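Generate the whole structure from the sequences, applying the supplied hints.
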Amino acid sequence: AQSVTQLGSHVSVSEGALVLLRCNYSSSVPPYLFWYVQYPNQGLQLLLKYTSAATLVKGINGFEAEFKKSETSFHLTKPSAHMSDAAEYFCAVSTYTGGFKTIFGAGTRLFVKA
Amino acid sequence: EAGVTQFPSHSVIEKGQTVTLRCDPISGHDNLYWYRRVMGKEIKFLLHFVKESKQDESGMPNNRFLAERTGGTYSTLKVQPAELEDSGVYFCASSQGTGPQETQYFGPGTRLLVL
Numbered sequence: 006a007q008s009v010t011q012l013g014s015h016v017s018v019s020e021g022a023l024v025l026l027r028c029n030y031s032s033s034v035p036p037y038l039f040w041y042v043q044y045p046n047q048g049l050q051l052l053l054k055y056t057s058a059a060t061l062v063k064g065i066n067g068f069e070a071e072f073k074k075s076e077t078s079f080h081l082t083k084p085s086a087h088m089s090d091a092a093e094y095f096c097a098v099s100t101y102t103g104g105f106k107t108i109f110g111a112g113t114r115l116f117v118k119a
Numbered sequence: 211e212a213g214v215t216q217f218p219s220h221s222v223i224e225k226g227q228t229v230t231l232r233c234d235p236i237s238g239h240d241n242l243y244w245y246r247r248v249m250g251k252e253i254k255f256l257l258h259f260v261k262e263s264k265q266d267e268s269g270m271p272n273n274r275f276l277a278e279r280t281g282g283t284y285s286t287l288k289v290q291p292a293e294l295e296d297s298g299v300y301f302c303a304s305s306q307g308t309g310p311q312e313t314q315y316f317g318p319g320t321r322l323l324v325l
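Chains A and B are the protein sequences, given in the same order.
Quick note on the numbering used here: the first sequence kicks off at 6 and runs consecutively.
Quick note on the numbering used here: the second sequence kicks off at 211 and runs consecutively.
In case anyone wonders, no lab produced these hints; they're calculated from the structure.
As the structure is a computational prediction, the values presented were derived from the model and not from experiment.
For each residue, glycine too, the CB sits at the ideal point set by N, CA and C.
Take these hints with a grain of salt, some might be off.
To be verified - Reference excerpt, derived from the structure (chain B facing chain A, CB under 8 Å, subset only):
id	residue
1	Val214
2	Lys251
3	Glu252
4	His258
5	Phe301
6	Gln306
7	Gly309
8	Pro310
9	Gln311
10	Gln314
11	Phe316
12	Gly317
13	Gly319
14	Leu323
Structure follows, in structure tokens:
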């Protein structure tokens with residue numbers, strides 16, 4: 006069965022510091038992996054997705070994630086945090102195993118300190 | 211282009227009452243999904259429509275939940291009768307194609323509180 010684990014329900018960084026949000030997945034078939042962001046009172050917005058092409062995926066707002074099969078990880082990074090990055094981030098895995106499902110992690114709330 | 215819209219944005223009802231949530235997908239998107247997030251937990255898949263047909267409803271919690279998509283456009287999710295554990299945020303999403311690599315576009319969610 007597919008699953009996603011996000012390490013850390015809350016992450017706090019200073020403005021300008023590196024952002025690292027961790028995600029590990031479990032999948033018995035090649036996964037499709039996603040990072041979504043949710044700003045207050047808004048829906049989830051796709052940041053980036055891995056679809057078995059390049060292992061380093063670049064997304065919007067300066068975010069990127071690297072797919073590491075050996076570590077079953079898909080961590081999200083951004084070199085320099087901005088106050089506007091404060092939001093909740095969700096890692097997700099999507100597979101087709103007779104039916105199409107997207108499995109989400111529990112989410113990581115990012116706080117950015119001035 | 212309008213995004214996915216959901217109505218109402220918030221709903222507070224008493225246990226035993228009925229609530230109907232509505233989702234309008236992006237125009238032309240055949241695929242529509244319902245998800246739910248109970249407070250502090252992960253977002254869970256409820257079901258998937260392709261046009262008006264239920265492709266996968268394996269995530270529906272029980273028979274108190276009824277989803278419809280008449281005409282293949284908007285969808286409704288009815289909870290009858292509502293229980294305390296039904297409280298949470300209900301998200302709707304739509305996509306153009308079918309497949310695990312497809313980008314899903316999410317609505318802002320309906321926050322349901324059952325007292």
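The hints, checked one at a time:
1. A cut of 8 Å between beta carbons decides the hint on Val214/B: the least distance to chain A is about 7 Å, and the hint holds.
2. Taking 8 Å as the C-beta cut-off, the interface hint given for Lys251/B holds, the closest approach to chain A being about 6 Å.
3. Evaluation of the Glu252/B hint against chain A yields a held restraint, the C-beta minimum of about 4 Å falling below 8 Å.
4. Contact between His258/B and chain A, as hinted, is supported at the beta carbon level, the nearest pair being about 6 Å apart and thus within 8 Å.
5. For Phe301/B, the suggested interface contact is upheld, since its CB lies about 7 Å from the closest CB of chain A, less than 8 Å.
6. With a least beta-carbon distance of about 13 Å to chain A, the hint placing Gln306/B at the interface is violated under the 8 Å criterion.
7. Interface hint at Gly309/B: satisfied, since its Cβ lies 7 Å from the closest Cβ of chain A, which is below the 8 Å cut-off.
8. The restraint placing Pro310/B at the interface with chain A holds, with a minimum CB-CB distance near 4 Å, inside the 8 Å limit.
9. About 4 Å separates the beta-carbon of Gln311/B from the nearest beta-carbon of chain A, less than 8 Å, and the hint is met.
10. Evaluation of the Gln314/B hint against chain A yields a held restraint, the C-beta minimum of about 7 Å falling below 8 Å.
11. With 8 Å as the threshold, the beta carbon of Phe316/B comes within range of chain A, its nearest partner Cβ sitting at about 4 Å, so the hint holds.
12. A least Cβ separation of about 5 Å between Gly317/B and chain A falls short of the 8 Å threshold, and the interface hint therefore holds.
13. Satisfaction of the interface hint for Gly319/B is found here, the shortest Cβ-Cβ separation to chain A being roughly 6 Å, below the 8 Å cut-off.
14. Below 8 Å, beta-carbon pairs count as interface contacts, and Leu323/B has none with chain A, the closest being about 16 Å; its hint is therefore violated.
Going down the numbered hints, you'll see the structure goes against 6 and 14, while the others check out.
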